[in-house]
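Following the hints, put chain B in place on chain A, whose structure we already have.
Letter by letter, the chains look like this.
Protein chains: 2
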Amino acid sequence: MASYQAPLRDMRFILDEVFQAPQEWSAMPATQELGMDLVEAILEEGARVVKAELFPLNQSGDAEGCRFEKGEVTTPQGFKAAFDTLAEGGWWGLGGNPAYGGQGMPKMLTVAFEEMLYAANASFALYPALNTGAALLLDQHASEDIKRLYLPKMYAGQWLGTMCLTEPHCGTDLGLIKTRAVPANDGTYRITGTKIWITGGEHDMAENIVHLVLAKLPDAPEGSRGISLFLVPKVKVAADGILGERNALSCGGLEHKMGIKGSATCVMNFDGAQGMLIGEPHHGLTTMFTMMNYERLSIGIQGLGLGEVAYQSAMDFARERLQSRAPGGAVAPDKPADPILVHPDVRRMALNVRAWNEGGRAFAAFVASQLDRAKYHPHAEARTVAEELVALLTPVAKAFLTDRGFDATVEAQQIYGGSGYCVEWGAEQFVRDARIAMIYEGTNGIQAMDLVGRKLFRNRGAYLSRFARAMRADLGGEVPAEIDSFHQACQKELARLERVSARLLERAQRRPEELGAAAVDYLNLLGHVAYAWMWWKMARAAQQGLQTAGPAGDGFYHAKLAVGKHFLTRMLPRVEALERQIQAGAEPLMMLDEQAFYPQG
Amino acid sequence: MASYQAPLRDMRFILDEVFQAPQEWSAMPATQELGMDLVEAILEEGARVVKAELFPLNQSGDAEGCRFEKGEVTTPQGFKAAFDTLAEGGWWGLGGNPAYGGQGMPKMLTVAFEEMLYAANASFALYPALNTGAALLLDQHASEDIKRLYLPKMYAGQWLGTMCLTEPHCGTDLGLIKTRAVPANDGTYRITGTKIWITGGEHDMAENIVHLVLAKLPDAPEGSRGISLFLVPKVKVAADGILGERNALSCGGLEHKMGIKGSATCVMNFDGAQGMLIGEPHHGLTTMFTMMNYERLSIGIQGLGLGEVAYQSAMDFARERLQSRAPGGAVAPDKPADPILVHPDVRRMALNVRAWNEGGRAFAAFVASQLDRAKYHPHAEARTVAEELVALLTPVAKAFLTDRGFDATVEAQQIYGGSGYCVEWGAEQFVRDARIAMIYEGTNGIQAMDLVGRKLFRNRGAYLSRFARAMRADLGGEVPAEIDSFHQACQKELARLERVSARLLERAQRRPEELGAAAVDYLNLLGHVAYAWMWWKMARAAQQGLQTAGPAGDGFYHAKLAVGKHFLTRMLPRVEALERQIQAGAEPLMMLDEQAFYPQG
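Protein chains in written order, with full-length UniProt numbering: chain A, 1 to 601; chain B, 1 to 601.
The following block holds chain A by itself, in its conformation from the complex:
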């Protein structure tokens, strides 16, 4: 009884009207042929295919889960067939390198398609999401031979990539990994160790699985500077691309999880498996970050997609549910009660969800546009600016989109009342599926540490200044009176962000705990400011749209401005609290003895 239709009108608005994507694309040789016509056709077909193939498998996949038997994993019924159908449509290489059979589409387009995938079926979406990131890494760091052998198969969905980082005793702290790589005499390595929580580590969707594995060479320095990266295929690949014998690795079992039950989360045992070094020895973590950064934005999109399907499904319920009368008197006197959207508090919940979703969609598109510039822009300076913005905003995109995505699914569930807790309606699955996104790919706390540590403190605020300059430049020009409140909010909150940042940088020099103490609240503050900026951009585009559209097109723009107004008045105020919380500093967190945290038995 859940319901989903990709929000194509909103995606078009974002691409064409908010970000003038065709203009962006025309400035870059790799994308200059691209126009909105083709992009719209792709998005429409994407919307059709995820709705027809993936969404119907979402609840059944959750109920069925993955099965593990004798080392083999069976995905839920229908997953394999749907995967193949999309593979035939070329969807798994949408953003891939055309030199190896990819479609070469820009990130601004692929994030929109990824949103559809996660909304329609989050468990399913993880298989291609890992594959896309693995292919991206190989495209940037692997030898020409490996690229020629692997990338066409991965873009075609015949082989699927994974990311093998975590071990039982370490996740965040990868310097502790125990998996070993010993050089063989044929230029390859023998990989031995156990990895856990490996998404798609084993399954029946593809004829081969391409594991990207972090391991330590015999001469590795201690800690995270001693990690190397290896490509370890499930089935060995001959030089001509023919599949050979099974490699010495196996799946040891599946995790039983709160959600994403159609996604196979595997224990993987490597028992002297043959692997190829990717990138430089001991620089595996840096190499891996190509994939991790991709996945971090992707997981942010998981939050967004789930927030969107949760909203649509809740509104589908609200449309039919009659309960009590409007505060000012019946609006449907011919019915036994009014539809629940007459109640201000139900509207508040719906608008909360929508403001997060629409702000998040714009923010994801913004980060994607910077990724496109960083990759394709002909001018080095433009690439550098974009790279710095991406570095600053990747942890925000991962954590803020997933925090708000989870909030969105919980709020949407609340709209149903008791039905939201019953499995049949689907709302509770969205909550369970969204919860993981705050945890994996680096917990949101780790994202916040990355933000305040590497992205703020290490460069003494240089990336943040980039951000502030870009935002301020975008606030220039004439401001129509109708949207002045958006403009004012941006100016005020950007100043707050700069003030808070300066204080934090200053304090962090005196006490090492200050960064960690501020991290999560600071990330939230930056997220709110970034969304305020996005809402300014959307309000401006909607205002322009209102002036040029005929009366038929007005509804969309009016709604956009109303949702934006809700963001300004009902969600943005949280920054007041965040500033005060950050000001509280590390002392109150650190004053208690560690033992005082543990319950006295």
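Hints listed in this document are in silico derivations from the structure and should not be mistaken for laboratory results. Note that the structure is predicted; figures quoted are calculated from it, not measured. A virtual CB, placed ideally from N, CA and C, is assigned to each residue, including glycine. Check each hint, because a few of them may be wrong.
Stated by the list, open to error - To give an idea of the interface, some chain A residues facing chain B are shown, with a C-beta separation under 10 Å as derived from the structure: (1) 257; (2) 331; (3) 563; (4) 587.
Leaving out everything else, chain B in the frame of chain A:
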């Protein structure tokens, strides 16, 4: 791998040091014999029995769930035996009327025991929770004959009560119910209709089930003023208390839910079942509120209990988990990494959970103390004051404790990283089990409407003035410098609450939507202010404790002050945002056309 030990030290602190419960009790004839010695003995034995009998069934009960076959419901393995063990201990009549075999213990004690029940096994706890509320209703509203027949059995746990309100087309809007009651010629009634979401509607825990059912008499006025209340036993009871034939009612099935899977949530069909009218005809909803108000506080305690077990379990994990080094350098250089509590952000999460839990425990005890006064106090004026405070604070206790309880379980789950998402660790079950508490017993949005409508607007702020006077009186006297920040925060935030309330009352006279638009944020604001008051009380008691305790006892009081400081600096700031959000008013919520909420397919 979850872990729970009832927080006896904190419960004793709250009862004895914060609220001087023995003094309270000595002022009321019904409780004047009670001393801390007996109360501590009861709590210790309660802690022992829930840990031994109920906690071990929590994860297994979730995995197994309830089964429905041929109209019968089987509860998870062990539930029945554990229920009987506690019944033999007299636990199910702990707060019951001594005239009918109850133990007559005050609410201040029983809430502490209820917290243990919910923490140890939330699914299980619902069976006695419904029973206790049903017995309370019968004690207040049933005839002497019915009380003599039913109450001893219910206190003994031989018969168990339910609450049958919701129907497929109505939950919040009970005026729409269709269940009918037709008078028979023997003074009883024939009840016909379908009720859904009936907790414990059918099960194997007791020999009889006592349904309290809302239905409409043939001459009933329209809407909620035409509802009557009936006692409808599963098995008919003869005048001598002997069980006779089965009544004409049956369970039609179980709901499949996100959590509380060991609790049987039933569809109940009444097919001309024999029922006895309880209270006056057409006044059933008012009568039912005796039970509903009980259950609302009880469900608040569900949030608290789950927050507590989530905290303890997360700390059990944190104690063993080594990951990365402290910001200022290794604190456990002999180990491969430091325990994760060295990290400020992990501490922030732990302190968030703890500040909600400890504030919530004090608040629940405060509401309980007012319930005791309302019931037992010899002076009418004292009873009236207490009744008004209870009326104001019941929706806050239900909604704020469950919202914060859910937050607590989610935050505690985050501390685990990936393990928090894996079923075996138990953290994810606490989240699923806590989620329902925001929904049932009147959604938290409905609680907020009750607060701003019936409890604030209808009496033009009279109850709130009671609250403000009580709080202000408690802020009088000398303030030690060490805890002046608590005192100042209370004064400032109480003034904010009064300011916001006055504005809201004024605005609500002009536009009917204003109350609904402000409701949830207002409830949250009042909740924060109430917790600030509780933290002032606790800080004052801890400060006194520090002066009288020897060095051995200092740790507890120091920790209390540190957690309180965390509340002031890290959670209370949210009131700034809440005030601004309330100020936003109804207009931004109501400006969108209803159709604009529905996705355009």
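To see whether the hints hold, each was checked on the structure:
With its C-beta approaching chain B no nearer than about 5 Å, residue 257/A sits inside the 10 Å limit, and its interface hint holds. Interface hint status for residue 331/A: upheld, as the beta-carbon distance to the closest one in chain B is roughly 8 Å, under 10 Å. Below 10 Å, beta-carbon pairs count as interface contacts, and residue 563/A has one with chain B at about 8 Å; its hint therefore holds. Because the smallest distance between the Cβ of residue 587/A and any Cβ of chain B comes to about 9 Å, under 10 Å, the interface hint for this residue holds.
Going through the hint list in order, the structure satisfies each hint without exception.
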